Every structure is written in structure tokens, then in C-alpha cells.
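Asker: Sequence:
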Amino acid sequence: MGGAYSSVERRRRGDTEKFSHFPPKDIKNWSESFHRAFPNGSMRMQDLERQLKSFFPFGDPKQFSEILFRTINISGTDTIDFHEMLIAFSILTKGSNFEKLRWIFRFYDCDNDGVVSRSEMMHSTKALIDMVGTTFDIELDAKTSVDMVFDELENKILDSKPELKTRGEITTMSVQEARYTERFANGLAAVYPIPVPYRHWQLRDMIKVLDGKIVYNNIDKMIALDTETKTQETLVENLMYYPTTFDISKRFLACGSSKGEITIYDRYTKRRVELETGYTIINSVKIRNNYLYVCSNERTISVVNLFRGVVANVYTHTSQVNNCEVSQKGDYLIACGDTKEVLMFSCSNNSLRLAHRFESVNDGGFGVSWNGNDSMFAVGTQDGYACVWDIRAEEKLAVIKSHQHPYASGAIRNLQFTKKNFIDMLIFTEHYSYFSILDTRNFNKRQLITVNEAAYERSITGLAINEESDTIYVSTGENILGYAINTNMRRMSCYGEFF
Numbered sequence: 001m002g003g004a005y006s007s008v009e010r011r012r013r014g015d016t017e018k019f020s021h022f023p024p025k026d027i028k029n030w031s032e033s034f035h036r037a038f039p040n041g042s043m044r045m046q047d048l049e050r051q052l053k054s055f056f057p058f059g060d061p062k063q064f065s066e067i068l069f070r071t072i073n074i075s076g077t078d079t080i081d082f083h084e085m086l087i088a089f090s091i092l093t094k095g096s097n098f099e100k101l102r103w104i105f106r107f108y109d110c111d112n113d114g115v116v117s118r119s120e121m122m123h124s125t126k127a128l129i130d131m132v133g134t135t136f137d138i139e140l141d142a143k144t145s146v147d148m149v150f151d152e153l154e155n156k157i158l159d160s161k162p163e164l165k166t167r168g169e170i171t172t173m174s175v176q177e178a179r180y181t182e183r184f185a186n187g188l189a190a191v192y193p194i195p196v197p198y199r200h201w202q203l204r205d206m207i208k209v210l211d212g213k214i215v216y217n218n219i220d221k222m223i224a225l226d227t228e229t230k231t232q233e234t235l236v237e238n239l240m241y242y243p244t245t246f247d248i249s250k251r252f253l254a255c256g257s258s259k260g261e262i263t264i265y266d267r268y269t270k271r272r273v274e275l276e277t278g279y280t281i282i283n284s285v286k287i288r289n290n291y292l293y294v295c296s297n298e299r300t301i302s303v304v305n306l307f308r309g310v311v312a313n314v315y316t317h318t319s320q321v322n323n324c325e326v327s328q329k330g331d332y333l334i335a336c337g338d339t340k341e342v343l344m345f346s347c348s349n350n351s352l353r354l355a356h357r358f359e360s361v362n363d364g365g366f367g368v369s370w371n372g373n374d375s376m377f378a379v380g381t382q383d384g385y386a387c388v389w390d391i392r393a394e395e396k397l398a399v400i401k402s403h404q405h406p407y408a409s410g411a412i413r414n415l416q417f418t419k420k421n422f423i424d425m426l427i428f429t430e431h432y433s434y435f436s437i438l439d440t441r442n443f444n445k446r447q448l449i450t451v452n453e454a455a456y457e458r459s460i461t462g463l464a465i466n467e468e469s470d471t472i473y474v475s476t477g478e479n480i481l482g483y484a485i486n487t488n489m490r491r492m493s494c495y496g497e498f499f
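Just so you know, we're using full-length UniProt numbering here: the sequence shown kicks off at 1 and counts up by one.
Just so you know, these hints were derived from the structure itself, not from any lab. Since the structure is predicted, the reported quantities are computational estimates derived from the model, not experimental observations. Cβ atoms here follow ideal geometry from the backbone N, Cα and C, with glycine treated the same way. Worth double-checking, as some hints may not be accurate.
What follows is a list of derived Cβ distance ranges for each label pair [to be verified]:
no., residue 1, residue 2, range
1, D266, D374, 21 to 31 Å
2, V191, D147, 48 to 58 Å
3, H356, S75, 25 to 35 Å
4, E228, K270, 19 to 29 Å
Please model the entire structure based on the sequences and the hints provided.
Answerer: Structure representation (C-alpha cells):
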């Protein structure tokens, strides 16, 4: 029996370490402290109330401790163990917005019926105010706070019921005004006097970075700039058109035109293939493994075999398709177009199967990106929103307004996650003048950077992040600008350790 019990505990401890956000050595130290305070390994509601009373000596924590105990107590027993306490602490301090929202919703949903009523939120808020008491010199009013939440939801959700809120409705409130307080980038690190044009006023994805080189278009040529030596190499020349979009991998370079033409260049064999996927503008091309994904105003996503230079498959949509990106593992593709609909496809070789439909806010999308571990994806929209989803949930994880929203200059044209080294940031560019660096650990910290010089408003034409996620490149009609990311700050944990 003892051996079986130990085996169960080991598995449970392993699960706790896996799903928490803390280093194993910290978990071990906290576990030892918890068991010293509670030798039988569990905490009763009275124990929790006593702990809260020690923090708030001039208040009454009875009601709040009952609500908190119910929320932490996943097992539904009469006691809370260390693993339940750790999971709650992990979610509230280091969890994603989706995890925090789910936990807080359980806190307010007293009868566990899947909706939060006004009276439930009032009860929980009043319990918090009673617990704080006069410990702090602040005035809190439960009714005012709850009315503010419900009024805001009713303004955002036209068919919302005035007394009941689902978790999906509460998620809608995540249109955030992230604080412009952080310095994620250390400032302008490099200026390359190379103008980068765009060929369509809405398509602004005209630079890429590969192997330390910035790739860009110059009239009928594709050129690579070595950022170390400042030398330039012509990759492809004598294109029959000015590219509206392009992509590059170690082996292939692909370009698209305003009339449905595609050029594929094999950098190893020097073979060049020209083909057509229709007669309208190519909005985006994305290389993934042996395939090229082509988004166009033909209302299609065409899958092209790069080695054979032929269209292998075509998915037809109901509206123009503006952009797409395949996940890091190659399992899924996200696509956006001229409507607020965002499509998720499952990928298998050259086939696409529609798996799910999401919605942005009001307008179509242009920028699209997956984060480094495929747990999140984001879409930047014409009406100036960066919409972020957790792949495990249908509701949006966060919605961030551009700096110039709701003006046309605030349209988000390009949007990219950092992929490596635990940097955890989302960068998005606006039509003119500004780009933002957003903390994706909590979505409430943001750095706003202008690319303007003096009084001259600049049109942003491209965005790229290097392979190590330590430099951001933004192109304009005048220059390519490089910004160094403060990677040490981003990789430092709250314990002074580096990830």
C-alpha cells in the first residue's frame, strides 16, 4: 500500500511541476514550508481564514475565505492540499490571460452554473471589501464596481443579458489599453539607408530576415543585405513584375505579383519556375517545408509543390484571402481575409481541411503569426486591432488597440511573435509612423516606437524579427531601421535566474 501511495504522489507531483510556472527547486522549498505549517498535508477553511486575517487585521475575511476556498478546492473535499494551492498561485501570478480569466470566472460563479450573475459578482466583491476593511486607507464600493463591469459588457455585446455574464462575454472585455511604460527595445541600433517600397497600399510585408541577412525588393530584383558586412547580394533579377509579396527559406525564394503570377527560385539548383494561380493580386506567399501557400483575391489558398513547381491543391473561400501562416510544427494553418472571419485549417502534406472558424472584431485581417510553441496565434486587422487567441479556446485571449485606432493610419498591416529564447513578445506595425512591442505574458505592458523623423510622417512597409529574436527590423519608404531587444530583461525570472 505504501508503495502504491508513493507512486500516486510521485505522479501527482510530476503533474504539478509540469503545469505550474515555477522552477522545481522553488516548488520543493514551498512544499516543505507548507508541510511544516500543516503537518497533515492539508489546509482547512478555518486555516485559510486565519491566514487572511493575519494579512488584513482590520477586516472580516470570513465570506472571502469561503469563496476563495471553493475556487482553490479543485478536488471538492473538505481540505486544500499543497498541489491545489500551488496551481492557484501559479495561475494568478504567472498564468496566461486565458488561465487567469478561467480561474477568476470560477471565483465569481458561486453556484457553478456557467454564468456570473450581477448578485454573484456583488457578493464576491463585497466579501473582498469586508476582508480589506480599514487595513488600507482606500474607499471601495461594491455596487459601483460591479455596475461598471456589467455596463461595459452591455456596451460591447449588443445581445448581452443585463444580469448574467458568460465567460465568453467577460473575455470580450479584454480589449486592453496596455500601459506604454516598458522599454523592451533599447532604442535604434542601426539605420540602413535603403528605401523599401510597397506595391499595394494595404500589403506591407516587404522585408524578411534569413541567416543574418535582410531580404528586400528593389524594382525587379530581390536583394539580401548582410547586416554585419553591409554588403549586398542580388538573389533574383529581371522579374517580369514588381512583387506585391515574397518569402524566403534556406532553399527557395518565392514572389507574387498583382496579376496572379508566381516566381519560384531554387537557390541550390538556380532553377527558376514561373506559374499563374489566377489573374488577380497575390496578397501573400508563405514557404513551409516543400510547399508554398498562396493567398490571393481569387478567394483561394493555393498549395504549390516547390520542387515540381505545380499547384498541388486549392482551397476556395467565400472572400478574398489576405494572409496565412503555418504553425511551427506544421499541424495547422491560420488564414485571414477581407472579412472578420479567421480560419484554422489542419495541414497534412499538401492538403488543407477546415478545422475551425474564429472572428476578429469588425473588419478584415492582414497580419497573422503563431508564437514559438504554437500555443497562441494572432491576427492584425484593418480597423486597428491585434487579436490574440489561445489555441485551446474559442474566445479571444486578448484584443489590443493600435495607437492610432480608430483612424485609418492605425490599421495593423504586419504582426509577428518572437519565436525563440523565451522573449515572449508580439510586435505589430501600423499603417503610418508607429509600431508596438507587446508583452505576451500578461498583455498589459507595451512599448510604442515611432519611425518618424521630425515632422515627417513615414509609411511603414515591412517588419521582420531575426532568428534569435534579439533584433527587430522595420522598413519604410526611406530606410530599414534596426532595434535591439533587451533580451536579458525578458529572460530574467522574478527569482533573478535566466531562462
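Asker: So, for every hint listed, does it hold in this structure?
Answerer: Against the structure, the hints come out as follows:
1. Look at D266 against D374: about 28 Å separates their beta carbons, and that is inside 21 to 31 Å.
2. In this structure, V191 and D147 meet the distance hint of 48 to 58 Å, their C-beta atoms being roughly 51 Å apart.
3. Judged by the Cβ atoms, the range 25 to 35 Å given for H356 and S75 holds: they are separated by roughly 32 Å.
4. For the hinted restraint 19 to 29 Å between E228 and K270, the CB-CB distance of approximately 25 Å keeps it satisfied.
Of the hints listed earlier, there is not a single one the structure fails to meet.
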